[in-house]
Amino acid sequence: MIDTLDQQDVDGRRERRLRRVAKNRGFALQKFRTRRDPHAIGNGTYRLVDPFVNCVVAGDEVTSYGLTLDNVEEWLGTTQ
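Position 77 (the sequence shown) corresponds to 642 in this note's numbering; numbering is contiguous.
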């Protein structure tokens, strides 16, 4: 249980950092969340959006989400 909470904390900090990096580069990081079906395809994954033209710049073809935090880091060029 403690390991799970620690990992959630690390992922939360990582997500917040990537949101800041994306915003500084003119993008928005969005997470797919659904309350109706937590097992839906793409639930819990991310996409990068250009908010000025309202289009997806990184995500899969099916849901437009589908990126992991690793994928987002790679796309933004911020791997540590």
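These aren't lab readings, by the way, just hints derived from the structure by calculation.
Don't be surprised by glycine CBs; every beta carbon is placed ideally from N, CA and C.
One or more of the hints may lead you astray.
[Said to hold, decoys possible] Taking CB as the label site, the calculated pair distances span:
| hint | residue 1 | residue 2 | range |
| --- | --- | --- | --- |
| 1 | 616 | 579 | 29 to 37 angstroms |
| 2 | 606 | 634 | 15 to 23 angstroms |
| 3 | 606 | 580 | 27 to 35 angstroms |
| 4 | 642 | 600 | 15 to 23 angstroms |
| 5 | 642 | 601 | 33 to 41 angstroms |
| 6 | 619 | 585 | 15 to 23 angstroms |
| 7 | 621 | 579 | 15 to 23 angstroms |
| 8 | 579 | 622 | 15 to 23 angstroms |
| 9 | 599 | 574 | 20 to 28 angstroms |
| 10 | 618 | 642 | 26 to 34 angstroms |
| 11 | 625 | 576 | 29 to 37 angstroms |
Here is how each hint holds up against the structure:
1. 616 with 579: 29 to 37 angstroms: 21 angstroms, violated
2. 606 with 634: 15 to 23 angstroms: 18 angstroms, holds
3. 606 with 580: 27 to 35 angstroms: At roughly 20 angstroms between Cβ atoms, residue 580 and residue 606 fall outside 27 to 35 angstroms, so the hint is violated.
4. 642 with 600: 15 to 23 angstroms: Between residue 642 and residue 600, where Cβ atoms are some 33 angstroms apart, the hint is violated.
5. 642 with 601: 33 to 41 angstroms: Holds: the Cβ-Cβ distance is about 35 angstroms, inside 33 to 41 angstroms.
6. 619 with 585: 15 to 23 angstroms: 21 angstroms, holds
7. 621 with 579: 15 to 23 angstroms: 21 angstroms, holds
8. 579 with 622: 15 to 23 angstroms: At roughly 20 angstroms between Cβ atoms, residue 622 and residue 579 fall inside 15 to 23 angstroms, so the hint holds.
9. 599 with 574: 20 to 28 angstroms: 23 angstroms, holds
10. 618 with 642: 26 to 34 angstroms: Since the Cβ atoms of residue 618 and residue 642 sit about 21 angstroms apart, the hinted range of 26 to 34 angstroms is violated.
11. 625 with 576: 29 to 37 angstroms: 20 angstroms, violated
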